[in-house]
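With these hints in hand, go ahead and build the complete structure from the sequences.
These protein sequence lines map, in sequence, to chains A and B.
For the first sequence, the numbering used here begins at 1 and goes up steadily by one.
For the second sequence, the numbering used here begins at 1001 and goes up steadily by one.
If you're looking for bench data, these hints aren't it; they were derived computationally from the structure.
All values reported here derive from a predicted model rather than from experimental measurement.
Here a beta-carbon is modelled for each residue, glycine too, at the ideal position from N, C-alpha and C.
Heads up, some of the hints might be wrong.
What the hints assert, rightly or not - A partial selection of chain B residues facing chain A, derived with a Cβ cut-off under 10 Å:
hint, residue
1, Val-1043
2, Glu-1044
3, Ser-1058
4, Phe-1065
5, Ala-1088
6, Arg-1095
Stated by the list, open to error - Simulated pairs of lysine-lysine, DSS-like, Cα-Cα distance not exceeding 27 Å:
hint, chain 1, residue 1, chain 2, residue 2
7, B, Lys-1042, B, Lys-1057
8, A, Lys-69, B, Lys-1042
9, A, Lys-3, B, Lys-1078
10, A, Lys-109, B, Lys-1042
11, B, Lys-1042, A, Lys-3
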Amino acid sequence: DAKTTQPNSMESNEEEPVHLPCNHSTISGTDYIHWYRQLPSQGPEYVIHGLTSNVNNRMASLAIAEDRKSSTLILHRATLRDAAVYYCILRDDWSNDMRFGAGTRLTVKP
Amino acid sequence: EPEVTQTPSHQVTQMGQEVILRCVPISNHLYFYWYRQILGQKVEFLVSFYNNEISEKSEIFDDQFSVERPDGSNFTLKIRSTKLEDSAMYFCASRGTEQFFGPGTRLTVL
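This is the structure in structure tokens:
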């Protein structure tokens, strides 16, 4: 899997939008961009994924740069429950594993 | 909503004993995985399983580890002779169009 770079930590205020960046300058044409998060004492949880176009779901939005070398996970209104470690992971659709990095630890302040 | 389940939630064992961790993947998924997370560290890939055989494994997955899908619904991870350093959270995952993780089994080796 290609490498991703994320900030170690970020802070947000409750009810405000959060933009979590991810750099993946060595992404290949067949790599999908996946975002997972891990709440305290829980297993990783799927958030969203995309290939080239921006994606929206009930949890978040994913904005993918035109050159695909970076992406941003957008939480539109952070809640205290969104405090977690967020992982940006690249995976070729043919690859059978998913490799986690250190992720970004998001703190949400009331 | 379908989910991956794991049992037990917590397993305590003596060093050198065998343990079996159990998982029930989502029923129409075809790919199955085990990951582990040592306390305070990142999630690490152990093994993937497809069509009743291992498709990929990491360097962590040595001869002490084995996986099995004994009855078409359960997916198990066996550690033959546990070591202190095997103490970790073990997460099962299954994949259809996206990969979903179970809540984990906390293994404590004394």
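Holds or violated: B:Ser-1058 as interface residue toward chain A, Cβ cutoff 10 Å? holds, 8 Å
For the pair we were handed, B:Lys-1042 and B:Lys-1057, check the Cα-Cα distance against 27 Å. holds, 17 Å
Can the hint on B:Arg-1095 be confirmed by a CB-to-CB distance to chain A that is less than 10 Å? holds, 9 Å
Are B:Glu-1044 and chain A close enough, Cβ to Cβ, to be under 10 Å, as the hint says? holds, 7 Å
Take the shortest C-beta to C-beta distance between B:Val-1043 and chain A; is it under 10 Å? This interface hint holds because 4 Å falls under the 10 Å limit.
Please verify that hint: B:Phe-1065, Cβ, nearest Cβ of chain A, below 10 Å or not. violated, 15 Å
Please verify whether A:Lys-69 and B:Lys-1042 have alpha carbons no more than 27 Å apart. holds, 23 Å
Take a quick look at whether A:Lys-3 and B:Lys-1078 sit within 27 Å of each other, Cα to Cα. violated, 31 Å
A:Lys-109 and B:Lys-1042 were given as a pair; does the straight-line alpha-carbon distance stay at or below 27 Å? holds, 24 Å
Classify the hint on B:Ala-1088 as holds or violated, based on whether any CB of chain A lies nearer than 10 Å to its CB. violated, 13 Å
Holds or violated: B:Lys-1042 and A:Lys-3, Cα atoms, limit 27 Å. holds, 15 Å
Hints 4, 5 and 9, counting from the list given before, are not met by this structure.
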